[in-house]
Amino acid sequence: MLEKCKALYARYGDMLRYLIIGGLTTLLDYAVFALMFNALGVHYQIASVFSWMAAVAFAFCGNKWVVFRAHARDLRTLLRESVSFVTARLATLGVNALFLYVSVDMLGMHANLAKLLANVLVIILNYVLSRLFVFKRG
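For the sequence shown, the working numbering gives the first residue as 6, with consecutive numbering after it.
Derived from the structure by calculation, the hints contain no laboratory data. Hints may be right or wrong, so weigh each one.
[What the hints assert, rightly or not] Label-pair ranges, simulated between beta-carbon atoms: (1) 46 - 84: 34 to 40 Å; (2) 95 - 125: 36 to 42 Å; (3) 113 - 17: 34 to 40 Å.
The C-beta atom is built at its ideal place from N, Cα and C for all residues, glycine as well.
I would like the entire structure built from these sequences, with the hints used as guidance.
Laid out in structure tokens, this is it:
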């Protein structure tokens, strides 16, 4: 049984670690959003951008060192990874903003619910982009 668990972790460990880091990133993203939107009265799109910036900074470190274990520290690799990571996150920020606009402004969904649903979509897209384009293996 232990060997089977080890084999599963060897195969799916990055997904498990991504779920943990992604969950923490999502909590940070939503906490900043909720504070700004609910407590401070900031427009939901502006609150979403600021929550995104906090989440991206946390997510880069978590994804690089914990999830994908990309420990290269040479300047060229760090620049490539950080530019690729931010570019991918900008793309999913656009998906997030569009989802929020359609959900809130066009469909009348509450912004808090729309933000949670958008996060599910964004988490999936971010994993795929990070796995395929940002933290490439070998």
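Evaluated hints:
1. Hint check: residue 46 to residue 84, Cβ distance near 38 Å, so the stated range 34 to 40 Å holds.
2. Between residue 95 and residue 125 the Cβ separation comes to about 19 Å, which falls outside the hinted range of 36 to 42 Å.
3. Taking the beta carbon of each, residue 113 and residue 17 are about 39 Å apart, inside 34 to 40 Å as hinted.
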